[in-house]
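Colleague: Single-letter residue listing:
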Amino acid sequence: MLNDINYELYPPRHFKSLSPENTAKSRKHPAMSTSQQTLSPHGNLATLATGPLLQLDGVRCGYREAGEWREILRGVDLIVGVGEQLALVGLSGSGKSTLLHLLGGLDVPSAGTIAFDGADLAGLGEPARSLWRRRHVGFIYQFFNLIPTLSVLENVLLPLELNGIGERAGRETALGLLAEVGLADRAGSYPDRLSGGEQQRVAIVRALVHQPQLVLADEPTGNLDFATGEKVLDLLDRLVRALGRTLILVTHSPEVARRADRVIRLVDGRLSLA
Amino acid sequence: MAILARANRRHFLRHPLQLLLAIVGVALGVAMVVSIDLAAESTHRAFALSMQALTGRYTHHITGGPAGLPESLFTRLRVVEGLRESAPAIEGYATANGGTLTLTLAGFDPFSERNLRSRFVKAAKGDEAVRLLTEPNTAMLSALTARRLGVHPGDGMEITVNGQPHQLIVVAYVEGNEAPDPALEGLVIADIATVQELLGRVGVLDRIDLILGDNPEQERHIRKLLPPGAELESAAGRNSATQNMTAAFELNLRAMSLLALLVGTFLIYNTMAFSVLQRRELLATLRILGATRGQLLREILLEAALLGLFGGLLGLAFGVLAAQGLLQMVTRTINDIYFVLTVTEFMLDPMILLRGLALGVAAAVIAALGPALEAAWATPLASRARSGVENTARRGLPWLAVGGILAMAIATGLLQADSPGLIPAIAGVFLLLLGYGLLTPMLLLGFAAFTVGLARLGNAWLVRLAVRGVAASVSRAGLAIAALTIAVAVSVGVGSMIESFRGTIAEWLDQILQADIYVATPSTAARFSPPLPDGLQQQLAKIEGVDRTGTGRRMVIPTSLGESELLALDPPYLDKPGFRFKHADGKALWLGFPTMEAVFVSEPYAQRHGLQVGDRVELASDSGLVALPVAGIFFDYRSDQGLIVMHRSLYDRYWKDGVNTSVGLYLQPGADGGAVKREVERVLAGGRQPLLVRSNREIRAASLETFERTFAITQVLRLLAVGVAFVGILSALMAFQYERRREIAVLRATGLTPMQAGWLVLLQTGFMGLTAGLLSIPLGLAVAVALVRVINLRSFGWTMDLMVSLPPLFTAVALAVVAALLAGLYPAYQVMRVEPSASLREE
Numbered sequence: 001m002l003n004d005i006n007y008e009l010y011p012p013r014h015f016k017s018l019s020p021e022n023t024a025k026s027r028k029h030p031a032m033s034t035s036q037q038t039l040s041p042h043g044n045l046a047t048l049a050t051g052p053l054l055q056l057d058g059v060r061c062g063y064r065e066a067g068e069w070r071e072i073l074r075g076v077d078l079i080v081g082v083g084e085q086l087a088l089v090g091l092s093g094s095g096k097s098t099l100l101h102l103l104g105g106l107d108v109p110s111a112g113t114i115a116f117d118g119a120d121l122a123g124l125g126e127p128a129r130s131l132w133r134r135r136h137v138g139f140i141y142q143f144f145n146l147i148p149t150l151s152v153l154e155n156v157l158l159p160l161e162l163n164g165i166g167e168r169a170g171r172e173t174a175l176g177l178l179a180e181v182g183l184a185d186r187a188g189s190y191p192d193r194l195s196g197g198e199q200q201r202v203a204i205v206r207a208l209v210h211q212p213q214l215v216l217a218d219e220p221t222g223n224l225d226f227a228t229g230e231k232v233l234d235l236l237d238r239l240v241r242a243l244g245r246t247l248i249l250v251t252h253s254p255e256v257a258r259r260a261d262r263v264i265r266l267v268d269g270r271l272s273l274a
Numbered sequence: 001m002a003i004l005a006r007a008n009r010r011h012f013l014r015h016p017l018q019l020l021l022a023i024v025g026v027a028l029g030v031a032m033v034v035s036i037d038l039a040a041e042s043t044h045r046a047f048a049l050s051m052q053a054l055t056g057r058y059t060h061h062i063t064g065g066p067a068g069l070p071e072s073l074f075t076r077l078r079v080v081e082g083l084r085e086s087a088p089a090i091e092g093y094a095t096a097n098g099g100t101l102t103l104t105l106a107g108f109d110p111f112s113e114r115n116l117r118s119r120f121v122k123a124a125k126g127d128e129a130v131r132l133l134t135e136p137n138t139a140m141l142s143a144l145t146a147r148r149l150g151v152h153p154g155d156g157m158e159i160t161v162n163g164q165p166h167q168l169i170v171v172a173y174v175e176g177n178e179a180p181d182p183a184l185e186g187l188v189i190a191d192i193a194t195v196q197e198l199l200g201r202v203g204v205l206d207r208i209d210l211i212l213g214d215n216p217e218q219e220r221h222i223r224k225l226l227p228p229g230a231e232l233e234s235a236a237g238r239n240s241a242t243q244n245m246t247a248a249f250e251l252n253l254r255a256m257s258l259l260a261l262l263v264g265t266f267l268i269y270n271t272m273a274f275s276v277l278q279r280r281e282l283l284a285t286l287r288i289l290g291a292t293r294g295q296l297l298r299e300i301l302l303e304a305a306l307l308g309l310f311g312g313l314l315g316l317a318f319g320v321l322a323a324q325g326l327l328q329m330v331t332r333t334i335n336d337i338y339f340v341l342t343v344t345e346f347m348l349d350p351m352i353l354l355r356g357l358a359l360g361v362a363a364a365v366i367a368a369l370g371p372a373l374e375a376a377w378a379t380p381l382a383s384r385a386r387s388g389v390e391n392t393a394r395r396g397l398p399w400l401a402v403g404g405i406l407a408m409a410i411a412t413g414l415l416q417a418d419s420p421g422l423i424p425a426i427a428g429v430f431l432l433l434l435g436y437g438l439l440t441p442m443l444l445l446g447f448a449a450f451t452v453g454l455a456r457l458g459n460a461w462l463v464r465l466a467v468r469g470v471a472a473s474v475s476r477a478g479l480a481i482a483a484l485t486i487a488v489a490v491s492v493g494v495g496s497m498i499e500s501f502r503g504t505i506a507e508w509l510d511q512i513l514q515a516d517i518y519v520a521t522p523s524t525a526a527r528f529s530p531p532l533p534d535g536l537q538q539q540l541a542k543i544e545g546v547d548r549t550g551t552g553r554r555m556v557i558p559t560s561l562g563e564s565e566l567l568a569l570d571p572p573y574l575d576k577p578g579f580r581f582k583h584a585d586g587k588a589l590w591l592g593f594p595t596m597e598a599v600f601v602s603e604p605y606a607q608r609h610g611l612q613v614g615d616r617v618e619l620a621s622d623s624g625l626v627a628l629p630v631a632g633i634f635f636d637y638r639s640d641q642g643l644i645v646m647h648r649s650l651y652d653r654y655w656k657d658g659v660n661t662s663v664g665l666y667l668q669p670g671a672d673g674g675a676v677k678r679e680v681e682r683v684l685a686g687g688r689q690p691l692l693v694r695s696n697r698e699i700r701a702a703s704l705e706t707f708e709r710t711f712a713i714t715q716v717l718r719l720l721a722v723g724v725a726f727v728g729i730l731s732a733l734m735a736f737q738y739e740r741r742r743e744i745a746v747l748r749a750t751g752l753t754p755m756q757a758g759w760l761v762l763l764q765t766g767f768m769g770l771t772a773g774l775l776s777i778p779l780g781l782a783v784a785v786a787l788v789r790v791i792n793l794r795s796f797g798w799t800m801d802l803m804v805s806l807p808p809l810f811t812a813v814a815l816a817v818v819a820a821l822l823a824g825l826y827p828a829y830q831v832m833r834v835e836p837s838a839s840l841r842e843e
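The listed protein sequences derive, respectively, from chains C and X. Under my numbering, the first sequence has 195 at position 195, and the numbering climbs by one with no breaks. Under my numbering, the second sequence has 356 at position 356, and the numbering climbs by one with no breaks.
Warning: the hint list may mix true and false statements.
As the list claims (entries may be wrong) - Distance windows between CB atoms, simulated: (1) X:T412 to C:A111: 36 to 44 Å; (2) X:L462 to C:G244: 53 to 61 Å; (3) C:P127 to X:R394: 46 to 54 Å.
Unchecked claim - Partial selection, computed: residues in chain X whose CB lies under 8 Å from chain C: (4) R6; (5) A7; (6) H11; (7) R14; (8) L17; (9) K542; (10) R638.
Hints are computed from structural coordinates only; laboratory data are not their basis. Idealized CB from N, CA, C, for every residue including glycine.
Let's have the full structure, built from the sequences with the hints guiding it.
Modeller: Following this line, the structure appears as structure tokens:
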């Protein structure tokens, strides 16, 4: 089914319709603007200096369990450039998911800084981090995490709605993207009617529909068979590259890691080049 | 935020049972509050309207003693003194329709009523008013009552007054040609002379109503003209005094409705908490996608408000229906123990409905606030892990327990305080319940550890597994058990209170009903006793088998403490006291009764007016004001207004009427009670006035029946509270089992059979029910003590003996276990159907 996708369309024409010139509404919503604009430390729009997208300095993270402090990350330093594709590997329990959650602003480090476009994420505070996440981050999970009470189309429209793009304005974009992953005819279905591969394709569309700067994927093929996984990865790879987005992907699989521009390994809470 | 809203709303479409539980929860809570409020308000309004219908706009009235006022006083005031704004009043009660309908019979003078008593104005205007004066046995009837009786103007109608049938001709409606007025329901008006004749009080008035300017000089002048025993009072004082009688009764009703709301709020909290809990993952995903805390909080609270609104509307419908049933009960209770209420029209006060709806919405929003905050404030990652919530909850338990002990300490202080206030006492009971509820989770953990130890000894691994599961989910299980404990404890407490009350009343009846046979006139109202024919006592004393006779004279007189009931007794024997006295030697007091220049007052009377032995009470007698000391306070349960008792010889010195309202016959040892009673009935059969002859056994049975009727409403509310708690338990258990479904799936995958899984659930719910049942006993007893020793004493002034028997306590434990097992049936069924593979794949 994936072979039916018209790859010639990249960069997808549907994204253009949401550029500031075309959507009056989007002017108020930086998420829909071009990649030249991003969030300053104060949450205002600023022109992006040609620096790294992400910069981690001495990031430490742990939690208290049964009265004892368990450190997971013990000083992670990392620089990720705009448009880079990074594979994050490591043994189970090495802290890959923890790092991914820190990068997505779901958690804050106990020490060190994570700067996105030069702005410290921890300094933003929880409400601003939620707003930042909805504008700049797309998440893809091993277990898809689609909203069971929403149809496929509604699942895709949700990030747009959270960013202030109404259902009508976002519909064309969402349907176009669903068509590109071969699921235009399933737009009205509920997630539990879809196969694992189909659900993950919807999750990819949902993670990209609002054009985030950063796409974070936690073992996106971990729950799929090899062939389906390959097709999903092809899709993710092409969409992300075509859009010039940054992708950080957690995986156990050497085959998957090999696709990335750079592979980094977490060992004992510290990073090493693989 | 249409899609975000849809993501949450559709959750309920996928779980319709839960939606139903949430709405039913709110509806039950609102229905209870609204129905009680409506019933109480209707009675209140009915009372006010009845008063207004009979009194109207007058500012003062003159009342006479038991003998009434002479008619000549009215003529003098109107003609000689020139008080044109005055009207004579005489009132009594009659029954129609074979005794099923009580009517107020009011005498009416069309010439005096121009604008004095507004309710009579319409009647006074028409030509028919003149017919009342010129034609004998004519009357006007309330249009609503006429419709109820199927009577039209021109028809005759039969009424019974003091047991005597009379025929009246209805000439018109009281409303004239205007629309039926609910305030006039049950009202029959006739010419003053006709009513005097019907009531057997020719030449006598009850009252003269007046409109006086604000002129103390004039009031003083009128007072000088009054015969002994008559009083000039302001109208406002009299109405509010009567209205105050039922204040404690209404307050108790409202406390009950507050309890219902408390249980209802718990129910709403549970359902809201459950719905948020089920959506934990959904909400976490929404947070990951960038929905803010504020957005989720708003969503959940809006949802709660909508549920509150729907449930509230449904509750209003239930409440209005239930209120009509409750109104019947409340009206009967008031007629039994306070005063006759002929207006029974159901009043739908929009303010009460609005308040009920607002209460439902507010309770739903407040109940949802906790779960909403928990869901919105958890970090997206932590909210996916249950153990985090449980750990936080466990850390909070000691603080909850400390808060609980503190609340119970304050409650004890409030209940033991010397202040006579009822509201602090009710607050004390609520705090007691709340405090114990807070302590429950800690007690649950203790009991669980004990049970696990027992199960280990008996090698009952399924029991151990079940109880451990309950203890591990203390935040949910604790709440459900606390709710059930409180509901069962209230049931035990109220049950014990009623039992104690019944026991006390039975003992009291044995003490006061010393005569074997009583003869009295049939009276419609408890406070209205018409006199017996002259010479009856002597006539009855001659009957064979009768040893001696005693008499009673019962009436309402004005006193320095307001209108009070006075009972003048002439007991033939003095060896056995007729009352049980408080802190005194009853025998000595009783021996001095015939010669003492003093009165006894009942406990409620002393409580109500702050009287002690030795204090003086001023009574308005036929010979003017007489001040008598209180010689003793006796236990008495006939009314919460209380009464004053004096010996007949003392009464005869100040009051000149010389009549009795009851005669008691004391039989010779070995005399045949049945034969004497038949002989009494034969002697009375020739008389003009039908009289009631009852043995002490019959009076005892009738009194206990009235007692049961009075508490019928309490019993209904008690059952409703348990019902609401049951629905709460059901939703709590569903939440509890929902959280355990993965654990059950793992157990099933490891080899637990579906049957064993079902048993596991029933063992868990049964354990929860047993815990609640056992925990409810000490609390129930404490509530019983508070109700018996504090609430009832302060509400009604009744001291009761606390009586607790074991069977109701066992029943309470059984009730809790059965309720929990019933509530566990559906979750058990669901667990038995779990496919381990599907549940395990979900994560």
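Colleague: Now, for every hint given, state plainly whether the structure supports it.
Modeller: Verification of the hints:
Hint check: T412 of chain X to A111 of chain C, Cβ distance near 51 Å, so the stated range 36 to 44 Å is violated. Between L462 of chain X and G244 of chain C the beta carbons are some 60 Å apart, a value that agrees with the proposed interval 53 to 61 Å. At roughly 29 Å, the beta-carbon separation of P127 of chain C and R394 of chain X lies outside the given 46 to 54 Å, and the hint is violated. Look at R6 of chain X: its Cβ gets to within about 6 Å of chain C, closer than 8 Å, so that hint holds up.
Taking 8 Å as the C-beta cut-off, the interface hint given for A7 of chain X holds, the closest approach to chain C being about 5 Å. Here the hint on H11 of chain X is kept, as its CB sits about 5 Å from the closest CB of chain C, short of 8 Å. With 8 Å as the threshold, the beta carbon of R14 of chain X comes within range of chain C, its nearest partner Cβ sitting at about 7 Å, so the hint holds. Given the 8 Å rule on beta carbons, the hint for L17 of chain X is violated: about 16 Å separates it from the nearest Cβ of chain C.
Below 8 Å, beta-carbon pairs count as interface contacts, and K542 of chain X has none with chain C, the closest being about 90 Å; its hint is therefore violated. Look at R638 of chain X: its Cβ only gets to about 64 Å from chain C, farther than 8 Å, so that hint breaks.
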